[in-house]
Amino acid sequence: MMNLTDVLRFSTRTLTGFRTRTILMIVAMSIGVGAVVVLTSLGEGARRYVVNEFSSLGTNLIIVIPGRTETGGNLPGLMVGRSPRDLTLEDALALLRSSRVTRMAPLNIGSAQVSRGRLKRESPIIGTTHDFKEIRGLEIGQGQFIPPGDPTAPQSICVIGQNLSRELFGNLPPIGKWLRVGERRFRVIGVLASKGRSLGFDIDEVAIIPVASAQQLFNQPSLLRIFAETRHRDSLEAARDEIRNILKDRHEGDEDVTVVTQDAVLATFDRILRTLTYAVGGIAAISLAVAGILTMNVMLIAVSQRTSEIGLMKALGASGRQIRNLFFAEAALLSAVGAAVGLAIGAAGVLAIRQLYPQFPAAAPMWAVAAAVITASITGVVFSLMPARRAARLDPVVSLAKR
Amino acid sequence: MISLSGIERNFQVGDQTVHALANVNLDIGAGEYVSIMGPSGSGKSTLLNIVGLLDRPSSGIYKLDDRDVTGLSDEEEASVRRDKIGFVFQSFHLVPRLNALENVALPMLLAGVSISERHRRATENLEAYGLGDRIHHRPDQLSGGQRQRVAMARATIMRPVVLLADEPTGNLDRASGKEVVALLEGLNASGVTLVVVTHDPQLGQRARRQIHMVDGMIDTDEVSPQ
Chain A
1 MMNLTDVLRF STRTLTGFRT RTILMIVAMS IGVGAVVVLT SLGEGARRYV VNEFSSLGTN
61 LIIVIPGRTE TGGNLPGLMV GRSPRDLTLE DALALLRSSR VTRMAPLNIG SAQVSRGRLK
121 RESPIIGTTH DFKEIRGLEI GQGQFIPPGD PTAPQSICVI GQNLSRELFG NLPPIGKWLR
181 VGERRFRVIG VLASKGRSLG FDIDEVAIIP VASAQQLFNQ PSLLRIFAET RHRDSLEAAR
241 DEIRNILKDR HEGDEDVTVV TQDAVLATFD RILRTLTYAV GGIAAISLAV AGILTMNVML
301 IAVSQRTSEI GLMKALGASG RQIRNLFFAE AALLSAVGAA VGLAIGAAGV LAIRQLYPQF
361 PAAAPMWAVA AAVITASITG VVFSLMPARR AARLDPVVSL AKR
Chain B
1 MISLSGIERN FQVGDQTVHA LANVNLDIGA GEYVSIMGPS GSGKSTLLNI VGLLDRPSSG
61 IYKLDDRDVT GLSDEEEASV RRDKIGFVFQ SFHLVPRLNA LENVALPMLL AGVSISERHR
121 RATENLEAYG LGDRIHHRPD QLSGGQRQRV AMARATIMRP VVLLADEPTG NLDRASGKEV
181 VALLEGLNAS GVTLVVVTHD PQLGQRARRQ IHMVDGMIDT DEVSPQ
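Heads up: the protein sequence lines correspond to chains A and B, in order.
Residues in the first sequence are numbered consecutively from 1, following this note's numbering.
Residues in the second sequence are numbered consecutively from 1, following this note's numbering.
Just so you know, these hints were derived from the structure itself, not from any lab.
Given the structure is predicted, the values throughout are model-derived calculations rather than measurements.
Don't take every hint at face value.
[Claimed, not checked] Partial list, derived from the structure: chain A residues whose beta carbon lies under 8 Å from chain B:
#1 V27
#2 P154
#3 T307
#4 E309
#5 A318
#6 V397
Built from N, CA and C at the ideal position, the CB exists for glycine as well.
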């Protein structure tokens, strides 16, 4: 009987003998494996990105969103923020009636042209109150943040991001200077410390103004969000229920807002993006199955091309089993090399993504890498069973007659 | 040595049954030199295939070395072919991507002989066939005569007791053909049973025993007085 080394050596010899065919097969197989690795790493990267973003916020945070959702877990209102009834600043202030709520920040967001003289820039404008700084963990580079005081009184003051400050004032000290936001004039009272992106905003680009000013500026009495913070994580659930009740009372008994905890949001995103990763991985796995069927096709062609060789091998004393093993080893080697090359391609792809988008933490999850390699090996082996068996069963007389 | 009794081989072609071999009885002793001749379709190749265990008779009994080999399993058949029978084909049947050495070593590879032993014996055999300087040549780098000598080196590597040659000179020029015939006869002289199938009377008549086949049956079976 032939030993394994001889079988592998002979199959390798065959594979190097049919070079074009071998290279094409390896390319097909490796594209499949590479696709799984790259696509799942994109999905996983998206998940990590979102999880990181949310973790940068406090963990004992409650978010109030206008609009009602049927079940607590889903968040249809999170992105759109439509509501039958506005979420007003008075609603926000009412939340402080709950003893568990220690800090509260209403949020209004818009976009407007910020200008100083001839320097103009389109910037995201955040309307909020004093506590926003603590809740979002913002830091002040120069000057001060929006001072505490009556949130319902509009004030012509603003706090701007690092980049915005540099663009409009260059090296001049911006504190105390005036700039225009849309049609109104605001005095700069502070510049934020550089923080980079957070929750989809580039903090370095924004201008923060008092919430009441923002309502006037955008002519939008409804808030986009209310952030509320509790002192302890333990009181999070109770505070959420209290907030819900306060707003229900204020809204004539209608529960027309969504109150979620940071954890719930995070868990939901985590779940959605994980599912997305599975789905994308599954789609990529189809290309692996295609590669497997290709393997089968090529092996079947190989069997019919090498009919006379198989006949000869039988005449020289090869049993059906030996022939089967040889073809089998050939397919197994092909898938193994294909999987290895595919992993290399995938790794290179992930590296390239990281180079191009440094803030996006692309990384192939281990399960996806393992699944890709295992799927490649299994498809390679399974789809070679039939061709190998066909080779083993060839009638030596018929096969020798062919040449 | 070789004992065929009541051998029939039928092929189904469409709804017709073709009798390729009809009741063939044949005994060939050890060390004999037999040629099988006849027009194409007379059944001579089918007979050779059955003797070489490449084909199974539809009925009848085939004994090789007193052992009934008619109903062997695939594995057993393979090992009998490997250890006792050597084939020489008209079209050589060398594996094109393997060099001379690897081609000759193939039967030993299948038998599980170690690689160093394979190399040693294959090299020796190739040298014995005058191909010592062609060991690493691939078939397409060899002449027809050289290819057939490689094929013979391969056929004899397992020291078979029977050598079956199907038109061994069919694809060769006269000179190379002579050379190959001389080698085959040399092997026969050393005790190997030699069965040659041919429709070339000149080649066939060199054998001590000449069998003529017609329509799947043995027509004449003569031993020439030499």
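Each hint tested on the structure:
no.: 1; hint: V27; in the structure: violated (21 Å)
no.: 2; hint: P154; in the structure: violated (86 Å)
no.: 3; hint: T307; in the structure: violated (12 Å)
no.: 4; hint: E309; in the structure: holds (6 Å)
no.: 5; hint: A318; in the structure: holds (5 Å)
no.: 6; hint: V397; in the structure: holds (5 Å)
In this structure, the earlier hints numbered 1, 2 and 3 are contradicted, and the remaining ones agree with it.
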